[in-house]
Each structure stands twice: as C-alpha cells, then as structure tokens.
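Student: Here the sequence shown stands for residues -32 to -1, 1 to 401, where the numbers follow mature numbering (1 follows the signal peptide of the UniProt record, and there is no 0).
Hints in this document: simulated from the structure, not taken from any laboratory.
Be aware that one or more of the hints could be misleading.
Between beta-carbon pairs, the in silico distance windows are [claimed, not checked]:
1) L50 <-> N289: 40 to 50 Å
2) T94 <-> D268: 16 to 26 Å
3) N289 <-> N92: 20 to 30 Å
4) N339 <-> T302: 10 to 20 Å
5) D191 <-> D255: 19 to 29 Å
6) G379 <-> D191: 38 to 48 Å
7) G290 <-> G340: 11 to 21 Å
8) S345 <-> R57: 18 to 28 Å
9) G290 <-> D364: 36 to 46 Å
The beta-carbon is built from N, C-alpha and C at its ideal position, and this holds for glycine as well.
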Amino acid sequence: MAPSMSLRARGPCTVEVLVLAWALCVVLVTAAAQKPSITVDEVGTLFINSTEKVVVNGVDVMAAFAYLLEAATSTPSSVPQLIISTAVRGPDSVYAADLDGDGDLDVLSASSDDKIAWYRNNGNGTFSAQIVISTAADGVTSMYAADLDGDGDVDVLSASWNKIAWYRNNGDGTFYYRQIVISTADDGARSVYAADLDGDGDLDVLSASYGDDKIAWYRNNGDGTFSTQIIISTAADGAFSVYAADLDGDGDLDVLSASDNDDKIAWYRNNGDGTFSAQIIISTAADYAISVYAADLDGDGDNDVLSASVNDDKIAWYRNNGNGTFSDQIIISTAADGARSVYAADLDGDGDLDVLSASLNDDKIAWYRNNGDGSFSAQIVVSTTADGARSVYAADLDGDGDLDVLSASGGDNKIAWYRNDGQWDWKTRFNLP
C-alpha cells in the first residue's frame, strides 16, 4: 500500500495552506502509479495519496513547491555571471542604452583607466568586444546616456576629476572624434546625470563634485551646447551622487544628492524655471552616503527616495508623504557590506519596483523583493562573483521581456550581466495572482 500523510485541520484553512499541504504531500508520496485519493476521517484528519502531479486552478503545485524550495536553498551565486568584458581597469559605472539604433540595448562602462567604452548587443544578449569612445576622461567615475543634441540618437556623458564632458553619437553608434567639454569647474566630479530642469524640452546636465561640495547644472542651449556652470548648492559635503525626479508633484524635476562626509540625503526644490531652493535635508542617517535614486516604491503615485551608504552597509528608503516631505529612514537591509550602488526595477514582473544593490566588500549583486506596499523581502543574492562590486543597473539585454541585471566590479575589472529567465518571476511563472 502506498504511503500516506495525514494533516489535522483545526478551524478554517486558507487556500494557500491547503496548496502548501498538498505540495508537501506530493514531495513525500512515492506511489507514482496509484490513482490520487483524498479522504477525511471522522475526526477531520486529511489523508492524501497522489501521483507525481497535483494541479489546482491551472497551477502545478509540485513544480511550484520544488521551485520555491530550490530558491530558498540555492547558493548565493546560483545565477551565472555572464562576462561582457575584462578590458577595463577599475570600472566604476555601468549603464545600458541603444547606441546604434538597432532596437536592442547596448552596454556602456566608465573605468579608472580613463575609458568611456561600449559593447554592441548582437541582438541575443551576446556582446561585441569593447569599443572605446574616449580615453580623454581622466579618472572617470560616472557616465550616463541621453539625447543631448536633439537629433534622435543617444549621446554619452561623463564625469572625470575636474571635467564634465559629452560625446556626440553620429547616429550609428560611432562617436564624434573628440570629447566635447561642458565644464572644468568641478573639483573631483563624481556623478553626472541628464534631465530637463528648465522645462524647455531639451536635456540639461547635472553634476556632483566631491572636492568642492557642489551640486550644479549646465543649461542646454537647444543644440547640444551648454551654459557655464550654474551652482545649485555647495552644502553637500563630499558630494558623490546626483539624480533628478519630481519629488513634490508639481510637474518639474527636482534634484537629489548623496554626500558622504556629512552622511546626507538631500534635495533641492525646482522653482519651475530651473532655479532651485536651498538644500532640504531628507536624512543624515546614511553613514557615508554614496548613491541616491528615486522611484515610487509604495505604489501611491509619488517618488520615494533610495540610498546606499558604505559604512553602515545600508540599503534604505524614505517614503514621500506626497508633498515632498519624507519619512525617517526605512532600512531595507544591512546585509550589503560596503553598499556602493542602488537602483530600482521590476525584476519579478509583478508590477511593483524591487530594489537592487551592489556592495563593495562582499562582492555582492543582490535584490530585495517589493511586497507590493513598500515593504521588502530579506536580501536575495544574485551573485557573489563581482569582486569589489561598484555599480548595478537593470535592463532587458536579451529581448525576452524581463529585466536582466548588469554590474561593474573593480576588484576583477569586470563588466558582467545576469540573465533573468523568469527565475525571479514566480507568480507569473505559476499563473498566480
């Protein structure tokens, strides 16, 4: 006779509990050839004998349970690292954009060997050898891609030591032969970003510079030429990261900064014409704040703020109250040893934004599942093979409709990616609501 399992039901049972019970029974039952049977005795004990398959409302419960069990017990580096290039020295930044206009996303890197480079996506998630855009970015630390001259293709921006510069895309992924300098008034430039700050329809440039504590911007004149530096603030002591998002819901883009010497996450209100308020502090609880990002994490329609801070290993967020005021720091994790970079993207395809991190000291690329209300799971490790992980980003690199993960790591001089093949999208995979 086939082995069976009993489950004593006390009070009402939810569908989820029954499904889990059935899955557990399937794992333990060995009589694959027997017809399934479910019986309940006079005292309410449930007996199940089953074949190797239980389907409830179209869900293969055995497969789902095996998948969840594997996910819970898998090793930290269970997602294979796919190396794009090791032809970089000390890469600090990684990004993805369609540089050659063929409809797929190519990869960009900035590295301390003064290189801005890219890697052509072959259309299937494999990449070309490194294509150097410039070696004139001395000690480059940050790069971004955006259409700066309004010609419909994606140009490249860089921040290096005392320089903010850009590289004009010729339309096919080749670039103008020389670096175009926007400014040399940035002492220790650490971060660069592009956004329409004055509402005139073209993309202006933002910078954070460490040596002079400056958050600054450069007005786009409409043709890819830029104004001289316009200082937003010098109150960001050790300015390290800059970003732009509408934080107060008035329709224009405000500016965010992370500064490491004063542990500050702060913002600067856009007055609607590209002039800005004084610094408004969100938090000083991010010890050595080094990365800042904004996204709607709790699904209420406004942009919340994310930070990564090195000395306290923290990935944290700050809830937007709807008017540009913010909650105290809400810690997502302190398991990112030397947290270096933070980003938000929907990795599991459930419609809300999850959080990604890169941490320097434990070589980790990791993510944190959004539970749908702005609360998050414990850290889920994507890889521990990014030695000295410095930067993380998400984009659909293989064209299959889900978001893959990119990393730059300085200890092993690697630009790499991690394929999302649905392993994180367990609800969609098993037809669950």
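Student: Now look at each hint and say whether the structure bears it out.
Tutor: Checked hints:
Checked against the hint of 40 to 50 Å, the pair L50 and N289 passes, with Cβ atoms roughly 41 Å apart. Checked against the given bound of 16 to 26 Å, the beta carbons of T94 and D268, roughly 40 Å apart, lie outside it. With their beta carbons about 45 Å apart, N289 and N92 fall outside the hinted range of 20 to 30 Å. Distance hint check for N339 and T302: the Cβ-Cβ separation is about 18 Å, which falls inside the suggested range of 10 to 20 Å.
Restraint check, D191 to D255: a C-beta distance of roughly 43 Å breaks the suggested window 19 to 29 Å. For the pair G379 and D191, the beta carbons lie near 42 Å from each other, so the given range of 38 to 48 Å is met. In this structure, G290 and G340 meet the distance hint of 11 to 21 Å, their C-beta atoms being roughly 19 Å apart. Distance hint check for S345 and R57: the Cβ-Cβ separation is about 35 Å, which falls outside the suggested range of 18 to 28 Å.
Checking the proposed 36 to 46 Å range against G290 and D364 shows it is violated: the Cβ atoms sit about 31 Å from each other.
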